[in-house]
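Trainee: Build out the structure end to end from the sequences listed, making use of the hints.
So you can see what is in the structure, the chains are spelled out below.
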Amino acid sequence: MTAPILETRALEKRFGGVRAIAGVDFRLEPGELRCLIGPNGAGKSTFFKMVTGQIPPTSGSILFQGTDISRAEKHEIGRLGIGIKNQVPDVFNGVALRENLWLAARFAHGAAKAGTLADAMMERLELSSLANRPVGELSHGQRQWVEIGMVILRDPKIVLLDEPSAGMSIDETNRTAALIREVNRTATVVVVEHDMQFIRQIATKVTVFHQGSILAEDSFDRIMTDQRVRDVYLGRHGGA
Amino acid sequence: MAGERPAWWWWASIGTALVVLMAAPSYLDIADQLDISIIFILALLALSMGFLWGQGGMLSFGQTAFFGLGGYSYAVLALNTGETTSAFFIAIALSMAFALAVGYFMIYGRISDIYLSVITLVVTLILEKGIRATSGDQYVIGSVRLNGQNGIPTVPSLQLPWNPGTELFIDGVFYLSAALLVLVYVGLRLLLASSFGRVLVGIRENERRVELLGYDARRYKLAAFVLAGGIAGLAGVLYGVWGNFVSPAMFHLNQAAQVVIWVIVGGKSWLIGPVAGTAVVQYLSNWLGTQGVGQVSLWLGVVLMIFVLVFREGLLPTAALAIAWVRRRLGRREA
Amino acid sequence: MEQAAIQAYLIGVSFSIFILVSLGLAVIFGMMRVINLAQGEFLMLGAFVCTFANQAGLNLWLSFLAAALAVGLFGVLVERLIIRHLYGRIVDTLLATWGLSLFLVGGVTTLLGPQTRSIAADLGNVAVGTYTLSAYNFVMMGVAAAMLVFTFVLWRFTRFGLVARATMQNPGMASGLGVNADFVYMATFGFGAGLTGLAGAVLVPVTGASPPMGLFFVAKAFITVIAGGPLPLIGTLSAAGLFSFIDGIVSFVSSSVVADMTVLFVAIVLLRLLPDGITGRSRRGI
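Chains as they are written, first to last, in this note's numbering: chain Z, 1 to 240; chain D, 1 to 335; chain R, 1 to 286.
Wrong hints could be hidden among the right ones.
Now the in silico label distances, taken between C-beta atoms and shown as ranges [stated by the list, open to error]:
| id | chain 1 | residue 1 | chain 2 | residue 2 | range |
| --- | --- | --- | --- | --- | --- |
| 1 | Z | Arg222 | R | Thr158 | 49 to 59 Å |
| 2 | R | Gln55 | D | Ser86 | 13 to 23 Å |
| 3 | D | Arg110 | R | Leu133 | 37 to 47 Å |
| 4 | D | Val310 | R | Ala120 | 40 to 50 Å |
| 5 | R | Gly241 | D | Val186 | 45 to 55 Å |
If we take Cβ atoms under 8 Å as the criterion, some of the chain D residues that face chain Z in the derived model are [to be verified]:
| id | residue |
| --- | --- |
| 6 | Ser195 |
| 7 | Val201 |
| 8 | Gly202 |
| 9 | Glu205 |
| 10 | Asn206 |
| 11 | Arg209 |
| 12 | Glu211 |
| 13 | Leu212 |
| 14 | Leu213 |
| 15 | Asp216 |
| 16 | Tyr220 |
| 17 | Ala324 |
| 18 | Val326 |
| 19 | Arg328 |
| 20 | Arg329 |
To be clear, the hints were calculated from the coordinates, so they are not data collected in a lab.
Built from N, CA and C at the ideal position, the CB exists for glycine as well.
Mentor: Next up, the structure:
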């Protein structure tokens, strides 16, 4: 087994008396395309936010390529090469589309190249015709793409995508799946999703979160036939 | 606005404005020159606040703290040394240093935006109280008595740097404040088109996203805060030079409130808004003052409430929206 | 011994002033998240109502009560006319209440003139060794303590307190359960205003009543409530305790102005270390 690119050890987050993340040991190999699933409130988004420094963990550690980043600032984690698309589109709503992408490109590649890179990204996302529109006026799906575009313009080593296909049409979802596979050629990708069809399209390995812990981790087909996972999704808590 | 370089017509307007301003004193009497220079000086103060709020998303209510500090520093330094050029620059540097200290604690403490407003306001109130308490003989810096609430009279006029024997007279102050207002306005406009300005606007829109992209937002915010502190300090120095007088009223709550009103009335989303707002409100308050309609602060309060409840964008952007609306209506009729 | 008693007395006076001026704000800002910059003017109105009531022949205690009721009602009016339109727009609330503050200072100055009016509270003095202390200051401490206990009991143990806390937590849910959220906001704002009016009244024998008097109390009130953090009562109490301790000591060895500046400095450093205030890590309690 190779050294993990991302690892968490006994990671825990409490909000008041609630353990939103209750001792998660997670390993991610370089180059993986992993899906996280689980019912609402299982702790998936909280987990993502802790990995990117948006929420400090209560205890435990997060290691990126062996370095402890559990107390690092958001921008330090961004610089190390972890990018995230948050669950709700997290873009610069009042600013033009091109400017959104420019700001992302500018940081990693400098002001001189940022314009060209932003234009190329708009082509890739097929959004060039909207270059000067404020992103707040775009559709939900388009804003999701803009945010994904901003994340990959940074050339990150790990890309975390929280519900990238939420609110998209079937056609848009397929394009998003293709985009994610493309991103996965150069980066390790973790996706939180609810849409099983979508996960079937992209996933190699699936991790199931339940009540703040990892319930199961396996290939997509094996997870789908796992009785415990079915119980969790169908709400049969008797055995859990 | 951010990211775009100014168009030719913008440069043409700036050029025209400069020509008009430089020609103006020949056609204005001394009293008008004085009235108009003070609007330029106060517009600089409004610009420092409007830039922070409209572009950086930081609502600093205490720009008067740096304004007053700039004025007092200039007065004390110039009276002690008898030399005004270095006093001019050191006073601005001191305002910036104070902004750096206050800003560091607020911005690196990550206190929320709304607390930043309240803390900056409290800072200026406490400074005012502190200066007011210096009426005793023991409060002396060098050879200058601070005089408590009476302020420091006899603040020296600026001398020409290349000829310290010559002092700027009223028209000289007019030229200087007009030129500095245009310079600061153009500088801020170009800054907004630079990488720094574009990141700053990004922070205003979504600070978390900027940080997740790898920028240290705190550094950008602090730099903008210090820059704005310097501009407010510059306004304070010019204020001292303009009236040969500084007083604790420079830090006063009413002064701080007026800055906010200028910016709100003119509109914060454009840099020219605060400048226009200052001109309109100052003109109206002077007029109200001569009408004998009671306390000016009463009317300022009414104006502030009306603008917050009704014209949230301020005059200029509201006017622009109205023009766009009329255009759309006309276009529809033609089609 | 005598020195220590005087020192404790000074800290006690300072503590009660911090509590008096901050408690109304703790309700309005700490509980409702409404930043009311006209807080100092509520205090000023309370001071004037008390002064006029007293001059009209009411005794001191009834004048206090009159101030609390009058400013409470004024608070309800302000909530209906201004605040209600701005819930959720925190910056606009801040600006509108600043406008209100200027309006009130200007209006009261126009009506009553700029001079300070005062009433005497002839309660005599208390001798401690060679020092004589004003007995009224002990009244002030008593009222501050009573206000604190009253607010605590109201919030913690009454049905109104329970409903109000639930509404501040989740207005939608409270409405769904049949609570008139609109009324609860109005009543809470009025309650906070009434506390502030009472505080203004209690301060009259010490500071007098004048149009600009709200100015410096408002700064004190805001740094106390902000430094206190998310638990409005416990936070305000602990911040007031800390600041009055510093204030009492520094004003004893230096001057009250130096004390004010020291308190501000400590507050800013405190917020650098604990950005969410003293009670920033606690999520439960009041």
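Trainee: Now tell me, hint by hint, if it's right for this structure.
Mentor: Structure-based check of all given hints:
Restraint check, Arg222/Z to Thr158/R: a C-beta distance of roughly 57 Å satisfies the suggested window 49 to 59 Å. Under the hint 13 to 23 Å, the C-beta atoms of Gln55/R and Ser86/D, about 57 Å apart, miss the expected range. Hint check: Arg110/D to Leu133/R, Cβ distance near 43 Å, so the stated range 37 to 47 Å holds. Hint check: Val310/D to Ala120/R, Cβ distance near 46 Å, so the stated range 40 to 50 Å holds.
Checking the proposed 45 to 55 Å range against Gly241/R and Val186/D shows it holds: the Cβ atoms sit about 52 Å from each other. Checking Ser195/D against chain Z: minimum C-beta separation of about 5 Å stays under 8 Å; hint holds. About 6 Å separates the beta-carbon of Val201/D from the nearest beta-carbon of chain Z, less than 8 Å, and the hint is met. For Gly202/D, the interface hint holds, the least distance from its beta-carbon to any beta-carbon of chain Z being 5 Å, beneath 8 Å.
Given hint, Glu205/D at the interface with chain Z, holds; its Cβ is 4 Å from that chain's nearest Cβ, closer than 8 Å. Proximity of Asn206/D to chain Z holds as hinted, the smallest CB-CB distance being about 5 Å (cut-off 8 Å). For Arg209/D, the shortest C-beta to C-beta distance to chain Z is roughly 5 Å, which falls under 8 Å, so the interface hint holds. Interface restraint check for Glu211/D: the shortest CB-CB distance to chain Z comes to about 4 Å, inside 8 Å, so the restraint holds.
Annotation: Leu212/D was flagged as interfacial toward chain Z, and the flag holds, the nearest CB pair being 5 Å apart, inside 8 Å. Below 8 Å, beta-carbon pairs count as interface contacts, and Leu213/D has one with chain Z at about 5 Å; its hint therefore holds. A distance limit of 8 Å between C-beta atoms decides the matter here; for Asp216/D the minimum to chain Z is near 5 Å, and the interface restraint holds. Checking Tyr220/D against chain Z: minimum C-beta separation of about 11 Å lies over 8 Å; hint violated.
Using the Cβ-Cβ criterion of 8 Å, the hint placing Ala324/D at the interface with chain Z is not satisfied: the shortest such distance is roughly 15 Å. For Val326/D, the shortest C-beta to C-beta distance to chain Z is roughly 22 Å, which exceeds 8 Å, and the interface hint is violated. With 8 Å as the threshold, the beta carbon of Arg328/D stays out of range of chain Z, its nearest partner Cβ sitting at about 16 Å, so the hint is violated. The criterion of a C-beta within 8 Å of any C-beta in chain Z is not met by Arg329/D, whose closest approach is roughly 21 Å, and the hint is violated.
Hints 2, 16, 17, 18, 19, 20 from the list above are not met by this structure, while the remaining hints are.
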